[in-house]
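S.K.: Numbering (the numbering used here), first residue to last: 30 to 606.
If you are wondering where the hints come from, they were derived from the structure by calculation, not from laboratory data. Every residue gets a Cβ at the ideal spot worked out from N, C-alpha and C, and that includes glycine. Be careful, since some hints might not be right.
FRET-style restraints, in silico, Cβ to Cβ [as the list claims (entries may be wrong)]: (1) Arg312 / Phe362: 25 to 33 Å; (2) Asp392 / Asn583: 46 to 54 Å; (3) Gln390 / Ala258: 35 to 43 Å; (4) Ser588 / Thr261: 24 to 32 Å; (5) Glu561 / Trp347: 48 to 56 Å.
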Amino acid sequence: MLENIGKRIQTFLLLLIIVLLSLVMAVIGFGTPGAEGCATDGPIYAAKVYGETITEGDFRAAYNLTGFNRYETERARTLRLREYTLDGLIERELLVKEAERLGFNANEDDIMREVAREEVVWLGGPVDAPDGYPAGAIPQNFSDRDGNLSGDNIRRFIQYYLRRSVDEFVQWQVREHLANDVRDTVTASVTVSPREVWDAYVQDTDRARMSYVRFDPAYYGDQVEITDAALTAWMGQNEEAVDQEYRRQRHRYTDLPEQARVRQILVEVARDATDADRADARRRAEDLLRQVQGGADFATVARQHSDANASRGGDMGWFPRGRHPAPFEEAAFSLEDGALAEEIVETNIGFHVVKGMGQRQGDVPEADAKRELAEDLYRDARAGELAREDADRALAYLSDGHTMEELDARLQDGWAEPTPAPEGEVVEGEEAALEPEEEEPAERDPRSPQVRETRSFTRSERAIPGPFDSGPLTEAAFEMSLDDPLPEAPIELGDSWFVYQLTERTEATQDGFDAETRAAIEERLLRLKRREALSIYIGQLRERAEAEGAIRINPAILSYGASDEEDEESGEETASL
30 MLENIGKRIQ TFLLLLIIVL LSLVMAVIGF GTPGAEGCAT DGPIYAAKVY
80 GETITEGDFR AAYNLTGFNR YETERARTLR LREYTLDGLI ERELLVKEAE
130 RLGFNANEDD IMREVAREEV VWLGGPVDAP DGYPAGAIPQ NFSDRDGNLS
180 GDNIRRFIQY YLRRSVDEFV QWQVREHLAN DVRDTVTASV TVSPREVWDA
230 YVQDTDRARM SYVRFDPAYY GDQVEITDAA LTAWMGQNEE AVDQEYRRQR
280 HRYTDLPEQA RVRQILVEVA RDATDADRAD ARRRAEDLLR QVQGGADFAT
330 VARQHSDANA SRGGDMGWFP RGRHPAPFEE AAFSLEDGAL AEEIVETNIG
380 FHVVKGMGQR QGDVPEADAK RELAEDLYRD ARAGELARED ADRALAYLSD
430 GHTMEELDAR LQDGWAEPTP APEGEVVEGE EAALEPEEEE PAERDPRSPQ
480 VRETRSFTRS ERAIPGPFDS GPLTEAAFEM SLDDPLPEAP IELGDSWFVY
530 QLTERTEATQ DGFDAETRAA IEERLLRLKR REALSIYIGQ LRERAEAEGA
580 IRINPAILSY GASDEEDEES GEETASL
């Protein structure tokens with residue numbers, strides 16, 4: 030008996046709140062054009078969908094409800110919060126139109142009872158929203174300090190935070206429910222089969238590990254030797270590519286400041302070097318200068334001895350004044366093409382042997398510009414070829430029965446054959462007791478080919494990091510076995526080539542496939558499949574509407590700035606109520 034009385038009282042209170050909300054407009058004049066906290070929409074609209082207007086006020090209310098008005102402007106812009114908000118409202122109107130076509134309806138009183146009873150406001154998010162996007166039943170707090178539901182608090186929330194009239198709010202929630210009814214209809218038939226659950230379990234549980242070597246063309250670019258004959262021949266075979274690159278970069282060769290191009294052989298000196306160290310460095314530089322003066326090829330000597338630009342034979346490319354130390358530039362800009370500086374050039378970084386390669390200013394002749402661009406194109410193409418050649422060689426080496434450790438040693442030595450120990454030679458006496466000195470291993474260029482290990486990864490994870498899609502490598506790993514751990518050929522990911530070897534492989538079993546695991550996977554798959562079904566359905570609705578010209582968007586509503594700050598202020602005002 031007492032329980033029945035309590036239920037009746039609760040029902041009466043809920044109905045009373047609804048009645049009070051409905052009378053708010055009459056009591057305080059709320060919702061009229063001059064009402065406090067409510068801006069007139071007038072001709073301002075956010076979007077129109079089949080003639081149905083999404084007002085600026087509708088947009089602002091949704092934006093505030095999600096809390097996006099509290100985000101800093103640049104953060105909101107980066108996250109595209111206005112675009113997501115508007116997409117959600119447009120999708121709602123498309124779904125409402127479908128609801129009307131299907132004959133769906135919603136009861137205003139039931140909806141408002143739910144808002145009051147559950148203390149939620151409904152807002153549908155866009156189907157492509159990222160995880161964590163605030164959508165669905167968004168919780169609110171309408172209770173007073175004693176924990177009782179307060180019609181006054183609901184009124185303030187609608188008026189001051191959402192800046193809507195009660196009637197506008199009710200119609201908003203009605204349309205959200207109609208849209209949700211269509212969403213539920215679309216996803217009602219989505220199911221997940223036991224086979225799909227098992228396949229997902231395998232995807233999450235199967236694991237592999239590999240050793241691999243990346244052959245990066247960026248590393249080989251510095252090793253490409255460009256001769257006039259080779260470049261001329263390549264240009265003849267690739268005229269279209271060179272012409273296209275020239276059209277794209279022609280602006281780089283007009284109205285140039287004075288520039289010089291030289292080769293150098295640098296003997297570097299540390300900033301804290303002693304006078305003796307500097308004197309020794311000068312002697313070495315002078316010796317290298319004498320070699321070049323005696324007829325030695327400058328580029329070859331640079332490759333062997335220079336502490337900078339060695340891989341390019343000392344070629345520093347074109348540079349303007351102000352780029353390098355003054356003594357160096359004084360020499361560089363005084364040398365004619367092919368001329369060798371007679372004296373060593375001393376700078377704060379060391380001692381330089383310098384040879385001129387030319388000077389230019391103003392507009393570069395088209396033929397010269399194309400040849401310079403062709404150098405880069407040729408270098409890139411040849412670097413890719415060298416990377417593939419080394420990858421093929423490495424795979425052949427492994428296929429011959431060598432280990433990854435042995436391959437790594439060969440790569441570090443530039444494929445040099447290991448020096449065998451002399452046979453039959455016996456070292457006696459004091460020399461035999463001496464341990465050979467271990468040299469510090471040279472620091473390896475991070476771009477150089479070297480053996481690396483992956484972490485243990487699943488079928489759905491990236492096998493290796495990098496600016497490329499490693500999916501094909503992941504897929505290949507799970508098609509291999511430990512009995513046959515090498516691929517038939519290197520694999521290309523992005524512009525790099527990879528050689529790899531399977532080192533560990535574990536397969537999914539029924540042991541961990543218990544009821545709890547199955548239920549969790551099924552729930553996840555069901556959520557994903559429902560989202561996919563909705564995405565397809567809503568995508569078709571929007572595509573049709575756009576084809577019919579039934580969607581109009583006001584670009585101003587998507588601009589970030591003052592309006593965000595205004596909305597943030599309204600949120601602060603509400604918080605203080």
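S.K.: Which numbered hints does this structure break?
M.R.: 3 and 4
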